[in-house]
Amino acid sequence: MTGLFTSVAEFLSRPYMFIAFMIAVPALGGVLVWLLRRFGAARFIVSLIFALSNLFFAASVYYGGGVNTSAPFLRALQLSFITTEFSAMCLFAAAVLFLFVSAYSLSYYKSGQGGVYMLYYFISLAMVNGALASDNIGMMLFFWEGLLCTLFGILLIGNLNNPRTAIKALAISGTADLFMMLGIVATIQAAGTVSISEMSSLPVTKMGALGCVMMLLGALGKAGAMPFHSWIPNAASDAPTPFLAAFPGSFEKILGIYLITRIFTDMYDITPGSAISVFVSIVGAVTLFLGVGMALVQKDMKRLLSYHAISQVGYMILGIGTALPVGIVGGTYHMLNNILYKSGLFIVAGAIEKRTKTTDLHNFHGIGRKMPATTACFIIFGLSIAGLPGTNGFFSKELIFDAALETNIVFYILALVGAFMTAASFLKLGGAAFFGRLRTPDGIDENEIREVNAGMLTPMCALAVLCLAFGVYNTYPIDTLIGKSLKIEESFSGWPHSSTLVIISCAVLAAAVANHIYGTRHNGGALKAVDHIHYAPGLKQVYAVAEAGYLDPYRWFMGAVNVFSAACTWIERGVSWIYDKAVPGIVNGVGNALRQYSNGSLSRYLITALVGLLALIAIFIAAIR
Amino acid sequence: MEMLINAIPYLFIAVPIVILIINNLLPASVTDKYGVRGGMILAVTNFAAAAVEFILLAVSGKSEVRFSIFWDYTEKISSNNGAYINAAYFRVNLITLFLMACIGIVMFASNLVAEETVTKKRGSYLNAIITLTLGMHGMLIVTDLFSLYVFLEIVGISSFVLISIFKTQKGLEGAFKYLAMSSFATILILFGLSFLFMTNESLTYESLKSLTIKPNGNGGAFLSYIALAALTAGFAIKAGAAPFHSWLPDAHQSADTSISILLSGIVIKIAGIYGLIVLTDLFSEVYAIRLSLAVIGVFTIMVGALLAMRQKHFKRICAYSSVSQMGYILLGLSAGSKLGLIGALYHIFSHAVFKSTLFTNAAALHERLHTLEIDEMGGLGNVMPTTSFSSIVAFLSTAGIPPFSGFWSKLLIVLALWGSGAKVLGGAALIISIFTAAYFLRLQKKVFFGVTNEKWRTVREVGGSILAGEVVLTAFTIIGGIAFPLVLLLLSGTGLM
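Residue numbers (the working numbering), protein chains in the order written: chain A, 1 to 625; chain B, 1001 to 1497.
Since the hints were derived computationally from the structure, they do not count as laboratory data.
Please note that the accuracy of each hint is not assured.
Unchecked claim - With a straight-line cut-off of 30 Å between C-alpha atoms, the simulated DSBU-like cross-links for lysine-lysine are: (1) A:K110 to A:K354; (2) B:K1312 to A:K581; (3) A:K299 to A:K370; (4) A:K299 to A:K528; (5) A:K581 to B:K1445; (6) B:K1121 to B:K1209; (7) B:K1121 to B:K1167; (8) A:K110 to A:K370; (9) A:K581 to B:K1446.
Turn these sequences into a full structure, and let the hints guide you.
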């Protein structure tokens, strides 16, 4: 098997082969699926074939020793793809995820719908493959930006008359990409080369510092950390549900975390405790805390999950930002786990939406008994994300807690409170959506709420199984996948070293359960389980302000832009006044005055001439000196 | 060749006298029909002679040609051991020949218009024209200041007669104002001349050239200095420079259009500017003359332009425009360098041509519309295309836009100012040309551009000699602009630049 993989990897290393098979072929697949959009079965099979072939290539790249190819293009460019072990792993993860989510998407959409979406999705896969494997930093930027284009395209689907979310996403993500560009230019200056594989341990001074910070901002923006996050909840309402599973759930995270890890371990020489490390950790901690704080009070399932996605990115960034081996491993492992259970959760939300035609938790309640498989998967995902000991989420969280504690106790406390709120919000979500008395939305009959079809169920269950596997058998992901890729000798697999941390985490989980029970009893119903936090004095105002959108950096920026344009208009009016009113007024005024002076009277003329003569004599006398 | 050079100058005196004699010998019936043609012949021969002599003189490298009539001027010289002081002779040099060529052009344009507008008493008209021509030629060829003054008076009197030749109310009023201001000028010039004569005993150019005026010396020298001020003021009045300009618009507006062409095109220049050219040449060391010319020049440009912006009568706008352009010529003279002088001379030519064009257009408009109030006009470009086109060409030339001749003359003046150190003045002259463009654009917009006024729907293009005049003058503007670099080459080849 390894031999097959190795030979395929070598085949892909031939000139133009990588770009043909891992970039052009998925794009072509997208076109085919779009062409076949009316034929449900045909498009499913075609898409499955392309996804599986992509998975095969990705696996062979990972197991077969990587790809190393460089081919000229149009005489001036050099297309070089070099995969390190880490990027190959990310490639593999992306391929696995693509398989599941595309299967789910095709089941979500009836025949005839979703053609454009699948086209964009396949092209995005091509872009992700390209970005992960690129060696030329400029080419990576090209693929990076390509993802932005498909993102924008997808957000426009069905929203051509109201493109606000799409524009907001474009603006925010685009700004992050601008920082990225600047960072890339500075990095090229600092390193003296455009080849990523040749950039190693660049010093973080002057041009290097600029490049590092800017590229980090770009990667953070792509991953969806604060302040680049505010489009994701908007997209939760406006975009199709499969989009949420695909993009904020997986692709963007993979790319963003990949780049951050690359910067921290490979490209730049960043030590724990340095300014960059502290900066990234702070971003991570803030994102984590504020993200889950907003998630806690959401009453719409998709919005809740999207805020959680933002918060989970915070964990990853906090972990990697500490620049400690335990943190980097924890953050990267958390990314792998996250794409498993986050995509799974979005698929669950999609399943519910398909049956109840809504995701607003006010409208339905307790459909767990009607959709048992979905509920079971949800329980697995929920426990993983909350970090129950034994789940994959628990292991990755513990590694991150360890790193956070080593860095600064404030980070640790924030992470703990975050874990508390994560658990509380999932208890709320589960309790409201799945458990309790059944209540269907208006217009939907009880008998229509049944389990979803196999097309959706299979990816969901597969992801759940992988979640469990990564939890139970965590040596494989931690040591083999991540540790080997990042060349970290220390083994972090198995039960966490520090039992104190484990006890504290369990205590936090218990507190969350207690809070849930108290809230349910006190406020009446699982949906209101955290209302006592939501409407607590002090927090009530903060939440009100945040919900109204006043804490959205995008809004501040647009406000500043409006102020600037108002100032420009004001200046423009002033200048126009000078040209249109002031100057002609003066000229005409003087001209009129002179005209009235020359009234035809000869005596006046002669006197004026006399005065002129005297003035002339005065000039002559003055010129004597 | 030598003979030709020495012979042609006599034509400048002979041809006008011959035509004068013929005009008065022929019966009134003939002269009333063909009188203006005689003027045209005079103009054409004038121009041809001047042009040929100019080229010959430039090529031959001599600076001037001396000649005399009825007496031999070389007598006095031989008795003075070869000195030219106090000898009486006429001379033509390149400057005067150039100005004579300009006289020819303007005279021709004026007569083309007169063919249509002067409908009676053409014989008398021709007599007055010839007198004017003789006066101008005389001013240009004499070699002492008093003779200059005499011919200046002849020019003045001929102008008064021409302005009021049809004895209209307006004509008489305009002529009278001109007469009054001219008298003031006469007083000043005579005053100046007498003080100069007091201190120098001779008014010939030669002797005045070798005179140096030292105002710090005794009382006599100071009086001579003030005499120069009086002379400058006198010639400035004749040139129509501010604040002495007030007669000019009234005279132009009341005179017949063909006379306006003459006045604006050449008379104010020969009478006024040429006098100042002579002054700056003779007394080049007196800084005050140049300084006062610069001050007057800038003031004139501004006043002329500001006043022109608010006028409502076509010819009045053109008259104020003449005032303004005189300012540019004065600035060119004030630079004190050869380049400045050449710039001023070329601007005289440019201005002669484009002002004549504009006045010809005024004549055309008057012929067809019988009014010259611009508020009543509108959109005439659609019905009178040739007039409109020539007007636009004249406007662009005035504004100093390449490739027309006005651009070159303005450029030379500004370059001369810049080169002589008066950089601020050069810059100011450039910026003030915005006003020049402004008032003419206003004129164009009100008269020619836009939708044709209802009243003038049936108006046709003007015909006959006025049209011919417009075309010829427009051609001169365009050719003068495009061909000017050749002239520059010629001048640098002959060492003048």
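Now the hints, each set against the structure:
{"no.": "1", "hint": "A:K110 to A:K354", "verdict": "holds, 11 Å"}
{"no.": "2", "hint": "B:K1312 to A:K581", "verdict": "holds, 22 Å"}
{"no.": "3", "hint": "A:K299 to A:K370", "verdict": "holds, 21 Å"}
{"no.": "4", "hint": "A:K299 to A:K528", "verdict": "holds, 9 Å"}
{"no.": "5", "hint": "A:K581 to B:K1445", "verdict": "holds, 19 Å"}
{"no.": "6", "hint": "B:K1121 to B:K1209", "verdict": "violated, 45 Å"}
{"no.": "7", "hint": "B:K1121 to B:K1167", "verdict": "holds, 12 Å"}
{"no.": "8", "hint": "A:K110 to A:K370", "verdict": "holds, 22 Å"}
{"no.": "9", "hint": "A:K581 to B:K1446", "verdict": "holds, 20 Å"}
In terms of the numbered hints stated before, the structure departs from hint 6 and from no other.
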